[in-house]
Amino acid sequence: MEIEISAILGQLVDGVGRGMIYFLLAAGLTLIFGVMNIVNFAHGVFYMLGVYLCFIVVREFGFGPGFILVPLFLAVIGAIAEFGLFRRIYKAEHAMQLLLSTGVIYIVSDVVRLVWGVSPLTLEMPALLKGFFSIHSILITKYNVFVISLTVLIAAVMFFILYRTKIGSVIRACTVDPEMTICAGINVHRVFLLVFMVGTGLAGLAAIAAAPMISAVLGMDAQMIIVAFGVVIVGGAGSIGGAFIAALVIGIVECLGILILPQFAEAFLYIIVVISLLLRPSGLFGKLAG
Amino acid sequence: MFFAVKELRKWFGGVKAVNGVSLHVNRGEICSIIGPNGAGKTTLFNLITGFIKPDSGEVTFLDEEITGRHPKVITEKGIARSFQIVKIFPRLTVYDNVMVAVLAQQGKSWDLFGQAKKYARGECHQLIKSIGLSGESRRLAGQLSHGNQNRLEVGLAVAMKPKVLLLDEPTAGMAVEEKAGVLATIGQMTKEQGCTIFLCEHDMRVIFEVSDTVWVVHNGEVVTHGTVAEIRGNDTVRKIYLGEKN
Amino acid sequence: MRLSPRSVWVIAVVVLCGLIALPFIVPMFWINLLTEILILGLAGMSVNLLLGYGGALPFGHAAFYAAGAYAAAVLLKKTALHPAAVLIVSPFIAMALGAILGFLIARLYRFYYAMMTTAFSMLVWTLIRKLPSITNGDDGITGVKVMDALTGVNNIYFFCLIVVGLCVFLLWRIVNSPFGWSLRAIRENSVRTTFIRIDVVKHRYVAFVVSSFFCGIAGMLYVVYSHGTFPDYAYWTKSADLVMVCILGGMLTFWGPIVGAAVLTILHTLTTSITMYWPLVIGCIICLVVLLLPDGVIGRLEREQVQGENEIEK
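Residue numbers (the numbering used here), protein chains in the order written: chain A, 3 to 292; chain B, 98 to 343; chain C, -19 to 294.
Careful: at least some of the hints might be erroneous.
Unchecked claim - Where chain A lies over chain C, by a calculated footprint (3+ residues, C-beta under 8 Å):
no. : region
1   : 93 to 100
2   : 207 to 220
3   : 259 to 265
Unchecked claim - Derived contacts from chain A toward chain C, CB cut-off under 8 Å, selection only:
no. : residue
4   : H96
5   : G105
6   : S111
7   : L220
8   : A224
9   : E268
10  : A269
11  : P283
Hints in this document: simulated from the structure, not taken from any laboratory. None of the values given here were measured: they were computed from a predicted structure. Idealized CB from N, CA, C, for every residue including glycine.
Can you make the complete structure from the sequences, with help from the hints?
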């Protein structure tokens, strides 16, 4: 089996880039699941909404501002969803939460279908970020570099907020023991709202970051939600660091897998999740949530 | 040796929950463990019943070593236990709670096609009567009063037809009138079924009312043991329970 | 609303007679609908054995549904085995998968259990799509003829009615057996059950395997009904549908899944013919059900019944 080193390295970089998108998508979810113990299967469909929203936003305001606007839009939608729906099912069994998520998925999917139609849409890569860097015959897309840099920056910011600010320690306290945090006088409901908004906003960020690389098609949410939860499980519920590592691993394994077993590359995610759950259900850094 | 514990030890990090406890229980007696909160009584019960594994030490029952075996195995050998924080089946009725336990004890839990409600009716009702819940058999266990939940909790352990019954604070949180009922059940158990009872309690009156032997535990270690009269008159015990009135 | 067990059985008999008489009364369209409801209801009941009675969250039963379907379709189309043998063997293939997955989830609970089942079923989905030599890959298998006796809407309907009826009867016995009650106890307090001599891990495993068997039967029946099978039968959204059907109808009740299946199927059919916004409608209905009727349709009735019985004692 002869595979060139350059091909491997090329796929490696692609894998890192893919992993970054996975991280952005899963980071919000791991917070929501870890902090609020909510199984939000609708996270994928928010992401899809974000991708579709990019078309309007980029057309009206350009790509750059899109990076602020799309996450913002989605944060607002997240706020509405939390306030109107998810707030009422914190204490409910996961099965009920799943059911509610399914309802939201139906609604949002149909809205997307009605507004944008059923044909796939593609977003043009912004001119500034088109093209490749070539290092020792390895081709790295400029866009990849951009996504990786951006995500690392976001991850660093998240770490800083979580571990060096007061609000961050409050959020972490809620992950460990929400009831004690209430007793400590913290308005947990507001924290939850914030976390949900940030989580959904991050999905929006993942959406605009991914938009130029993929085509927007109905049903994309179904695939992505499994990836997102896979990352959450492998990384550990509530752990941003875990999500980062897990997302990287999954992204890289998927891309390298294409070289070895192109037919079954997509199965690697599922195999990783199965192995992770067998060996260490709580994930890399999480504690068993719920 | 009917039932004995030898040098049982369990530390949780720096906390010496159980620190070299040795005691023994004779067949047919009602034996109590007392000690202030945090003395290690519940941990001791957890160690004996296999809920957690000891760091070192031995538990023997009927000359067989059962240290650290799986709770299911220990229950099968004839040691049953009730929990301080009741672990009943809240969405099942009282009758169903008891029925599940009775059927499991009869080894029927693998019967996939029989009609559970037709088995052992007499026995279930008898058990419900003996724990004093006859009028409540169709009530959902989660809706019972606290005292009645305690009774059901004891009932589930009794359903195992144990040779040794470990009761972890069976009257915790109960009003005085309710405690009498549970005590009566305990006494009846020993007389009628020849069950040996190992009781862990906080309420002195309960202890002095029913016990044959009392073991005093403090900071994870056995301080002393003896009959009720001996313990009552013991100064060390009094000191441990500062402010306790006899 | 109080229903004595006697009345429930009377209603059941009446309903049964109605079901048998229907093909002679109503147009074919409704018979097909009913067949789909029966099959979906059976799949739902298999899931509910674990969800409602076992207190777990099985989110990958599409794998067994598809396994039963693909086993039937592949064996019928590609081998010369007698159709009756194929129909009997197919659920066992699903059950074999169940035996494997049951082992993987042995010590997992709640969401982690769910994710394991989902990951496993997605693996099955991938395998189905990527082994075209056996399964025809993404195209699925169509034009599966079972046997002459099983052609025609009415014949298929009666066959499904009989098989589902038999399965429902078996599930009824299982659920009300000491095993079934042990499952319920495990659901209520899995720690306690260990202390009353119930081996929690083994009981959950057996329940899982039994559940996968009945789900495989449902998949097999669907091939009989629709003469084909597709990879999407193993996709996680199908598993979600099965769970949804249980919760809609009431997961703590026996008949809940069938009621949920009826509600979902009829709603789907009705709304698709009236409006093209059916997902929107369904989505809103689901949200309303979760927020207002957390016990599902039947569950609400049963809760009142139990409370009614309790009141009589006072």
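Structure-based check of all given hints:
no. : hint       : verdict
1   : 93 to 100  : holds (count 6)
2   : 207 to 220 : holds (count 4)
3   : 259 to 265 : holds (count 6)
4   : H96        : 5 Å, holds
5   : G105       : 3 Å, holds
6   : S111       : 6 Å, holds
7   : L220       : 11 Å, violated
8   : A224       : 6 Å, holds
9   : E268       : 6 Å, holds
10  : A269       : 4 Å, holds
11  : P283       : 5 Å, holds
When held up to the earlier numbered hints, the structure conflicts with hint 7 and nothing else.
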